[in-house]
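J.: Here is how the chains run, residue by residue.
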Amino acid sequence: MIVLQLKERVFLPLEAEVISVDKFAEAGSVDRISKLSVFYGRDKMELGEFFKIEGSIEDGRILIEGDLSKVKRIGKDMSWGVLEIHGDVGMHLAEGLRGGKVIVKGNVSDWLAMGMSGGLIYVDGNVGNLACASYWGEKRGITGGVVLINGSVGDDLGRRMRRGTIVVMKDAGDFAGAGVIAGTLFIMGKVGKAPGAEMKRGTIVLLEEPSSILPSFRYSGEFRPYFVDFYISYLERNFPIKFPDKLRGSYFRRYMGDFLQLGKGEILVCLD
Amino acid sequence: MKVENVVCPFCGCLCDDVIVYVEDGAIKGVEKACSIGRSLFLKHREDLSLPSIDGRETSIDEAINEAVNILRDKKHVLIYGLSSTSIEAQRKALELADLIGASIDQTTSICHGPTSLAIHQTGIPTCTLGEVKNRADVVVFWGSNPLEAHQRHYERYSLIPKGMFVTEGRRGRKLVVVDVRPTPSSRAADIFIQVRPGEDYEVLNALRYMLKGGKLDGEVGGVKVETLKSLLDIMLSAKYGVIFIGMGLTMTRGKYHNVEAALSLAIELNSHTRWSVVAMRGHYNVSGAGMVLLWQTGFPMAVNFSLGYPRYSPGEYSAVDLLRRKEVDAVLVIASDPVANFPREAVRNLLSLPIIAIDPKRSLTTMVAKVVIPTAKVGIETEGTAYRMDGVPIRVKKILNSIYPSDEEVLDRIIAKIKGEERNA
Amino acid sequence: MREFCLITGRTIKQGITLHDGKTTEVYRNEVGIVYLNGEDMEELGIIEGSSVLLKTDYGQVVVRAVKGDLPKGMAFMPYGPWANMLTSANTHGTGMPDLKGIKLYIYPACEEVWDWKRVLEEVKSVEG
Amino acid sequence: MSFKMDKIKDTFAEAFKMYGARIIITAVSEKWALESARSFTGFATSVIACGCEAGIERTLSPEETPDGRPGVSVLIFAMSRKGLEDQLLRRIGQCVLTCPTTACFNGLESEEVLSIGKSIRFFGDGYQMSKLLDGKRYWRIPVMEGEFLMEESYGVKKAIGGGNILILGESVDAVLRAAEKAVEASRKVKDVILPFPGGIVRSGSKVGSKYKFLKASTNTDFVPQLRAHTSGDLPKGVKSVLEIVFDGFSLEAVKEAMRLAIEAAVEVEGVIQISAGNYGGNLGQYNIYLRELWEGS
Amino acid sequence: MPNDSLIIKGGIVYDPLNGVKGSIKDIYVKDGKIVEDLSEEAAEVIDVTGMIVAPANVDIHSHIAGPKVNSARLMRPEDHLRDPLRRKNGLRSGCGFSVPTTFVTAYRYLLLGYGTVMDPAVPPLKARHALEELEDTPVLDKGIYILMGNNNILYYLLKKGDKKSAKLFAAWLLKSAGGYAIKVVNPGGTESFKWGKIFNSLSDDTIWGIKPKVVVDILNEVACEFKLPHPVHLHTYNIGIPGSYKAALDTINAFKDNRLHLAHLQYFCYGGDSWATFRSESVKVVEALSNYENITADMGQVIFVDTTTMTADTPWEFTLHKLAGGRWSNSDVELETGSGIVPYRYRMDNLVNSVQWAVGLEIALLLGPWRVFLTTDHPNGGPFYFYPEVIKWLTSADARKEMIEKIHPKAKKRIYLHNIDREFSLYEMITMLSAAPAKALGLKEKGHLGAGADADIAIYKPKGSVAETLSRVEYLIKDGRVVVRHGEIVDASYIGRIIRVDTGVDDSALSNEVRELFDKFYSVTFSNYKVEDVYFKREVVKRVV
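Residue numbers (the working numbering), protein chains in the order written: chain A, 1 to 272; chain B, 273 to 697; chain C, 698 to 825; chain D, 826 to 1122; chain E, 1123 to 1667.
A few of these clues could be false.
[Unchecked claim] In silico DMTMM-like cross-links for lysine to aspartate or glutamate, where the CA-CA straight-line distance does not exceed 25 Å:
(1) E/1155 x E/1661
(2) B/669 x E/1628
(3) E/1281 x B/440
(4) E/1147 x E/1550
(5) E/1286 x E/1343
(6) D/943 x E/1471
(7) B/274 x E/1638
[To be verified] So the derived list for chain A, only partly shown, Cβ under 8 Å to chain D, looks like this:
(8) 224
(9) 227
(10) 229
(11) 234
By construction, these hints were calculated from the structure, which means they are not laboratory data. This structure is a prediction, so every number in the text was calculated from the model and none was measured. The beta carbon of each residue, even a glycine, is placed where N, CA and C say it ideally should be.
When you get a sec, could you build the whole thing from the sequences and use the hints?
T.: Structure (structure tokens):
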């Protein structure tokens, strides 16, 4: 394992997309890793100027410690290994993640996992806006992978996601699952305005009835969606996550929509 | 001296028929302009800013030198403003941003920024204001109050004028105003629809749903479904309809989603009849700032050059966010007043940074800036291009001389000095 | 405590006085202002033209209260430094802060309407 | 075991190649999982006339199933991929989809898979929904009761069919008792099922018939009352013979099941001999010599 | 200027307009022009022994600037994200892909050996916008074509039967907007779409009751009478749809007696009566054209990429939006025209797209380099910097064969391309890229290396194939300045010229009626309409009276 410790707090954005198992493995030695380029504001600098770096990358594991809330783009395009972060972390974490695991013990800023196609992200804290969202104008959001968030998320969660599974154990902001093409979102806290707006297909599973459902969604009955049992069993067995007991074997109220699109998406609200 | 067809450099209407009377090198009279425009012309020499460093009056040259020192040293500068200056100056601001690896944002991010975001997502059917005048038989103002913000809009473009195909003028048009409160603009409307604050998205959603044949009852966003149904009927019966969207959509909860819904409604209406959307842009050249940003960087606002190429991220490189997160170490303000216009939390951080303010007039920003560089007022003391809210470029005029250089010139000198070239004052 | 919905926006007078200068008295008179529904004002015991202290989750300011044509429960302020004492800098990842539709609380105040200096002091007063 | 080895005829069971799959059926209760499984495995005794051979492998606790509900693991074998596909379609479609509260998962990891869900999904009449989790596709098909969840693809692999033993004894009672014990013992083995009713078959067969239209007919050599017409290999005193057939994913598993079955059967009083069915090695690729089952153990 | 005299020494010169076909000779440059001779002492000598020396290329039709290009940029942030360009060597940063930023547009054109690029569709009301963007498109010489085929004032005057006023108005409009040529796009169609109607015809009545043919005839007369260097640049009706070849035949037949340029002809060579029966009918169009040397065309070649379509043919973009789904932008410009934008991806596995790909090559190969010029109708068929791909297909039958194997398997039965063996030589390719379009544009000082020509010279290092050779210049000389040296841009610090025509028709020539129409119906005042001289910082005015 290779351990990075932030030497002192940074105030300006530190662009550190070089922090990924792929790039570290490519660099090889600690010496060469610490010479990888980062941008501090407009200044091109070396990773080693900001981090104390020790260990070896051979086992494909990275641990980063410190207040990384201004450090951006960590784990970009990573395809294997484990990247563990102890501390808050800045924007664009795990952009384009293809494989491997990213584990955060802290909070994550906006734009988590844009363009993700595979791998696992586990955040033991809160996440900002536009988590797993499509870039502006992009037709598709994330195309795969599993994202587990133990805390809350901001607005525009999972915008236009094409595939993948997102679990939020606490609240989600407005427009969660807007424009979802397919995939599954679990939101186990409160959800903001207009969940599932413009969704084509896909599923949003809610523990609580949302404050409002858009006019373009239609109430579509109550039933027992056995796939929920399957999903929570799968997720609980494979990841450090525990769903509310109430969810298992429960009846759900189903809203189908968005009828402005295909109307083949669903919002499932867990019933007592 | 009577100067005709002067272009008013205040709002996005960019009225170009103003008459200005100049005597003894000063503006003595204004005709045709709205009350705000009159005030702009008549008072343009009041409350002017002075060149200063740390509140101490100095020369323009020294102020420029000090600005250069700051811009040279700092690692991440925010360049902000741009909407009230000429294309020529905006171009230079971008060149500077590219040169020093800055973030550059313009006032649209707290104005119609969400409209741009929505256009990324859906596209926009739009038209010039002359099309409104000539064709529009139904006009909808959604979340905008032209009679206070764009005073001559009704008169010149959207409601009153007789057009080629709307020969009766006002009588040939239906005016619908949608807002959260009654306004002077809504009082002139044939139909006023009062929406509960923050629920415009739901109302637009309901309209779109009904357009697709969906059935609803009760009320949506505080509006009875029957009312919406009749609005939809009016929209469908239009030959050429235009929705003007304002801050009522972009600033409220839902933001770009609200605009996306409005754009989608218009797009979908085009399968039945013709509809366009025009954004009620505030500052006279806020459209232009977006235009230059787009053709030089590909993006309309919130662009960062730290890595040597343009990157776009509203919510990250937008001014309010950069300040709220305090991710910059200096701010260059061009023709804008963020201290007065930004939310408190952003202003607090702004006050802790070195500010360079380029502005003809005193503002809260110039009052707290480290360096103040006064300039000639575009459209009165210097000419340049400005883009009307509908993207029509118009040459704004020089009527009077100024003792100060133009924004363009100041920026050009800053760039030259940073590049190590000396340029004559 | 009654909750109001704060809407900010343009007014003609704000646009006109802007050109007098942002540090001028006329500007303060037109921009350091809140419009309220008449019934609301009566309920709150606020006299036309008197000072009120406005508070939101994001800050506070003292302005002049004036009767306006507004639905009950709504407060309207012209864009400007006073309104921005109350708005939120959270842009939800869009760059656009919450400038309309903010929860607002209104209290009668005996203080004079803040001038721009007092506003800036207040900006600096709380460490974030 | 060697002391009883004399009761075990030195012969071999002739087994042949099949294709097999494992289906996991879950439901709200074990009862309904079993109902579905029984139905699924019904009329699946012999490929000759049923198209497949299937049986319940075992029941599964909620901890063992993909969706945390009680379940049953079912094995199904057919002579070809195509045959297996056809049977899976019919049986999942008719016996799992139809059964209250069930869900249907793949229970066999294999590179070779059959896409079954993509056909059955059409039952949803366009309202079916697909889910992709961990690289696997699932179908949610709306039904009156709620929804039927099934996996898209089912692993198949080459398997062994037709492993068998014959229990020869002095009475019907004795051979039946022995066969029951054998069945019970062999069911402990994973990857193997016994396709016939209760795991036991009385109508062992030989290849061919005097009738041209019949591919198989009663195994005359082991029918006690036909001694007059047959070779007379049947030991003296044998009044009844029962067969147990084993299908499994590996030769080892089939052998293990046969070994346990023989061990259990041979102890039963009245059992005269344990033999096996073969056709002189002409039919199957595998010859399982009974006496070699204990080698190495 | 770094050096006002240059000797380009020892190169293999191709100069089709002067009949030079690979001779080794020196080229002399002084004050931005090519001269007969020059003393060696005073000049910088560039030794280009073994290299190919040719006139800089001329793009006759490329949407690089102006309102709709910028609207497309606004629509496609995700497109820019994929292709960022770093600031370096004093060049500006920017983004590429389907709608590149202005600086990137210039840089990429320069590296391809271009000296002149024409933007073919500018609404007069927004001409300033195009000109401003072109000012930020450095080094290249540029011109704009002015959209007139749907101008309401023109229709109004024609309806009144006042042909003289109509012609004067058109000539005034061209001058006022700073245009180089008259552009017509789906005449009558764009206006009809403003009424919610899809209109495609030359001979049916428009909503004005005037047949589009009448309008084009008048504009042809303007081009002829005012001796415009480039004829009417016509994007006719029925673009892109099955059976569009009939529109091409109809158009050729209608205007066969005029000089004419048919824009992106490829889109008008489709047969079939539905998308299912979509096929190439390029042979029919080529046959019709073969008799009329007075008509030129450009390819509008399709590339298999994700691109952005944009045209003043608003009904077509709306149709495409309905066909392709997704984003749609439209902009109606008062009294004049409109534009539509739809992002579109051409796919090899799509039968229609595969046929489209073949059609462009068919017409070019069949009609030859003097008649059909290389364009992708950038960015409609694909971004211009894919030209080397197109050159590969034009110069190698094997490369075409390889592609035909890759495209939709059913396409082969719908196209002619596999029956065409022709391979353009280097000489023909240079003709197509420079000499021929310059000639069609009437740019006498472009597209050749004779004395008096602008010193716009592209110099290539020979590589394995013609396409590889032409894919990037080793040197580009523009106005006698070395802009590209050793394959890298070394000087992009000046803005290039705007090339425009002066028809000599001033405001005073307009009838009162036109002035009244203007005052009544435009949203800008007459005096603020005309493009001011300040927008032509460097310009060449073709005075034609």
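J.: Determine for every hint whether it applies to the structure shown.
T.: Quick rundown of the hints versus the structure:
Under the criterion of a C-alpha separation no larger than 25 Å, the hint pairing residue 1155 of chain E with residue 1661 of chain E is consistent with the structure, at around 16 Å. With a C-alpha separation of about 22 Å, the suggested pairing of residue 669 of chain B with residue 1628 of chain E holds against the 25 Å cut-off. Taken as a hint, the residue 1281 of chain E and residue 440 of chain B pair is honoured in the structure, with Cα atoms around 22 Å apart against an allowance of 25 Å. Distance check on the hinted pair: residue 1147 of chain E and residue 1550 of chain E sit about 19 Å apart at the alpha-carbon level, within 25 Å; holds.
About 10 Å separates the Cα atoms of residue 1286 of chain E and residue 1343 of chain E, which keeps this hinted pair within 25 Å; it holds. Among the hinted pairs, residue 943 of chain D with residue 1471 of chain E is consistent with the structure: their alpha-carbon atoms are about 24 Å apart, no more than 25 Å. Restraint check: the Cα-Cα separation between residue 274 of chain B and residue 1638 of chain E comes to about 22 Å, which is no more than 25 Å; the hinted pair holds. With 8 Å as the threshold, the beta carbon of residue 224 of chain A comes within range of chain D, its nearest partner Cβ sitting at about 4 Å, so the hint holds.
Satisfaction of the interface hint for residue 227 of chain A is found here, the shortest Cβ-Cβ separation to chain D being roughly 5 Å, below the 8 Å cut-off. Because the smallest distance between the Cβ of residue 229 of chain A and any Cβ of chain D comes to about 4 Å, under 8 Å, the interface hint for this residue holds. About 6 Å separates the beta-carbon of residue 234 of chain A from the nearest beta-carbon of chain D, less than 8 Å, and the hint is met.
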